[in-house]
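Enquirer: Next come the chains, spelled out residue by residue.
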Amino acid sequence: MSYIAKPKVAHPQLPKNDLGFTVRDYEGAMSTLCAGCGHDSITSAIIQAAFEQSIPPHRLAKMSGIGCSSKTPAYFASASHGINTVHGRMPAVATGANAANPDLYYVGVSGDGDSLSIGLGQFLHAVRRNLNMVYVLENNGVYGLTKGQFSASADLGSKAKKGETNQQPPIDPVQTLVSLGATFVARSFSGDKEQLVPLIRAALAHRGFAFIDVISPCVTFNDHEGSTKSYTFTRKHAHVAMYADYVAPAKEIRAEYAAGAAMPVTLHDGSRIVLRKADGAYDPTDQAAAFSYLTKATAAGEIPTGLLYLKTGRPDMHELANTPDVPLATMAWEKVCPGSATLGKIQDRFR
Amino acid sequence: MTTTARRPGDNDFTIRIANVNGTGSASANSTLMKSLFRMGIPVSGKNFFPSNIQGLPTWYEIRVSGDGYVARSGRVDLMVAMNAETYRKDHADVAPGGYLVYDSTWPRSALFNRTDIHVLGVPLSRICNENFPTARARVLMKNIMYVGVLAALLDLDRDVIAALLKEQFAAKASLLEANQKALDLGYAYARENFSCPLPFRARTLGRTAGHIMIDGNTTAALGCLFAGATVGAWYPITPSTSLMDGFRKFCEKWRKDPETGKANFCIVQAEDELAAAGMVMGAGWNGARAFTPTSGPGISLMGEILGYAYYAEIPMVLFDVQRCGPSTGMPTRTQQADLMACAYASHGDTRHVLLFPSSPEEAFYAAVQAFDLAERLQTPVIVLTDLDIGMNDWMCRDLQWDDAYRPDRGKVLTAEQIEALPKFQRYVDADGDGIAARTLPGTHPKGGFFTRGSGHNQFGGYTEDSAEYREVVDRLLRKWDTAKTLVPKPVVETSERCRTGFLTIGSCDDAVREARDRLAAGGVPLDYLRVKGFPFGREVQEYLDSHDRVYVVEQNRDAQLRSLLLLETRTTQDKLVPVLHYDGLPLTAGFVIDAVNADLARGKAA
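These protein sequence lines map, in sequence, to chains W and C.
Mind the numbering: the first sequence is residues 10 to 360 in the numbering used here, read in order.
Mind the numbering: the second sequence is residues 47 to 652 in the numbering used here, read in order.
A portion of the hints provided could be inaccurate.
Simulated restraints on C-beta separations [as the list claims (entries may be wrong)]:
#: 1; chain 1: C; residue 1: Asp511; chain 2: W; residue 2: Ala298; range: 29 to 39 Å
#: 2; chain 1: C; residue 1: Arg134; chain 2: W; residue 2: Leu189; range: 37 to 47 Å
#: 3; chain 1: W; residue 1: Glu311; chain 2: C; residue 2: Ala476; range: 57 to 67 Å
Stretch by stretch, here's where chain C covers chain W in the computed footprint (C-beta under 8 Å, at least three residues) [to be verified]:
#: 4; region: 23-29
#: 5; region: 124-134
#: 6; region: 176-183
#: 7; region: 237-250
#: 8; region: 297-303
#: 9; region: 307-318
Everything labelled a hint here was simulated from the structure, so no lab data went into it.
No residue lacks a Cβ here, since even glycine has one placed at the ideal position from N, Cα and C.
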């Protein structure tokens, strides 16, 4: 429905954030995805989270690859720069962009084809570098733009729209990333904005690679009976393992939490995530325990959701490279060019 | 007149040393070359090494040329055979009248049976065993010992060698002592047993002042340092690896903030070349000067990103240190066979700006120019060197730096300029040069814009409209015309009425110039043009127009430079005579002379 122009007028009573922006300031162009697509719900969750986080819209940098998911950065934050790169290569482009300027909020949006097939290598290597970015994987188990082939996240035995059964085991991005020691691993559902918005806010505040796998049903090619990525199946099997409440810096934790069940984790900017266990004895800061829980729950047919693994304090790419906080891209000339006297000195070694 | 017919003379001879990879010969060979350089004699050192770390044969060739001809000579006047495995070949390669030095601890008179060369046996192992107690020293000291032998045979200045050893082992007194001793032992043996010096010898000359001995990967790294490159991404590949190693080393020394200790550079070792190119493009999109060094296989992998950066108009700089293809080919041998792959890398209508430095000296300046051009033209720029330039030590004039230089960041709008605009439109060509102004992420809310490799109109919006699509790709052609005026002009040397000439590229320069001088001396004067950049400008067209016969000299099988000329200029097949050298070794003047003479002979016969 992209031929319908979006109205520019905002209601004067719309709530404003700390910077005086309304949620409308975080919107983008009209979506061209199918009506009812899970991706559009995720777009609106990103808009809501960026608004609530009071991020200046032009300080976001939107990164994506190729596919339905990768079109969505055009549909939020039109005041910011975005780059719709080539298929599976967004992590590398994000790495270079981040190397040049650490002082932006990098939000990557990818899909299961983009991240788990053609781009699996780049995706995992961005995790290794602990690249400081939010990485949302809009996961629908299917190739949409090429009309319905299975993706690498399709579950064993799940059925395609035309009846074919998937016979290869899936790559589960959450288990994979926990095994790699990623620093922020979450899963949510496009239909659960209440869970998703705080997760995105926490991801924005996290320093390092913040990954959110969002089950996002494809209404056109993968929302039928026999699909394990449909609205119905996901609603039935999604199982909240861990609630994550985002608490902004300088705000008090007011909510009442049962003793032992709540675990506040402070992030580098002073904000906190209060983790509330929905599911017995499960410590999402313990890599081995998290991995064990996830493999068991998945084998039992559940889709565990929430902030499933969190590790703070691990250095990100810039801390490892010992780079300054100011952007290298615009560094003063005298700081980057050593000058003719130095060139002379260097050449003395070659005589 | 061919190279092999020439006789060696004072300050005009070639030494080849046959070694085993990994036995510590490299520093001895470099000491030998540098001692000649410090005696003021023009010299070049070419390393022919295997794709191996230890055990396979390797050769080092030093050409000594008082006249300043430092291309590979193609002949061996003095062979130092240190590798029993290659004795047979090394023995056969010595030019008639030449000399062969070998370790005669194990005499091989039956093998070394040529009567037209002189075989000089030096019991290097025996002398080492008698003088050095440890097994390691006995292996290592053989190397500097043959340098001592050569010092006697060629009458090298021993004070110069002693000074070089002192510098090299400044921090290791015991090693210095051992090396000096080995040098003296070799020297003494040669003086006692042979008639020294040989009929050809080194004579102190004053022709190397104001010069350095340096390889092109090091100078390219220096170019990146001085051009203000801050982001480097790479995947290790021979023969480009030492470029990023050099950049890192220079940055560690000269780019650390003296106050904060912070690194004012970011080097990322990528998981592959696809990622390396993506990182460079991401950094370029964000306004940093960013580069990646690679070689042919890397260029193949980078194709998709290169096409994106061409179409979405993002600056990035690549160094292709060309090696012998196709496929893995011969990774430690040189070639110029990536010209076509680089010029038109990626699918669709894409063309890329290329620079062709001819030496380490030019590689320094080309590196700086590449960043200016990439940002001015908002497009990838590929600097094509090769293994010969990148990894061998060349004698170069001192590199110069103008402290008044400031980088050309191209049309990048400041926050104030964006604020003053009614609306930012990414691909609108305001002044007709085909280049539209860009904004950097995070600068200003009104500058926000979505970069895409999919069809876009001049305002940056997605399009599938034919007219809008064409408007953008046609403007890219106007930008290509602008590029023709900005890339470095060719080197042209013409004389009146000469209708025959050379046209060459990159590292062919020295060999073609030598060939030209010798042909002229033999009564065959030829004009000269060396292209320094692509797209070709007006000067290349004029040269082609004003000559009837042009020898296009290049180092690949398929005449790729010639193909580019036929595609991109108004010239004809029949006047471009291909002269193609592609065996993996650097070009020699003799090869070029033979090719020209053969063509002239054909012309006479016809």
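Enquirer: Now, for every hint given, state plainly whether the structure supports it.
Expert: A quick look at each hint next to the structure:
1. C:Asp511 <-> W:Ala298: 29 to 39 Å: 55 Å, violated
2. C:Arg134 <-> W:Leu189: 37 to 47 Å: With Cβ atoms ~54 Å apart, the hint is violated.
3. W:Glu311 <-> C:Ala476: 57 to 67 Å: 58 Å Cβ-Cβ, so the 57 to 67 Å window holds.
4. 23-29: Not satisfied, violated; 0 residues make the cut.
5. 124-134: Our answer is that it holds, as 3 residues pass the Cβ test (under 8 Å) against chain C, meeting three.
6. 176-183: violated (count 0)
7. 237-250: Since three or more residues must qualify, the claim that chain C covers the region 237-250 of chain W is violated, with 0 doing so at under 8 Å.
8. 297-303: With 0 residues in contact (Cβ-Cβ under 8 Å with chain C), the coverage given for the region 297-303 of chain W is violated.
9. 307-318: It is violated: at least three residues are needed, and the region 307-318 of chain W offers just 0 whose Cβ sits closer than 8 Å to chain C.
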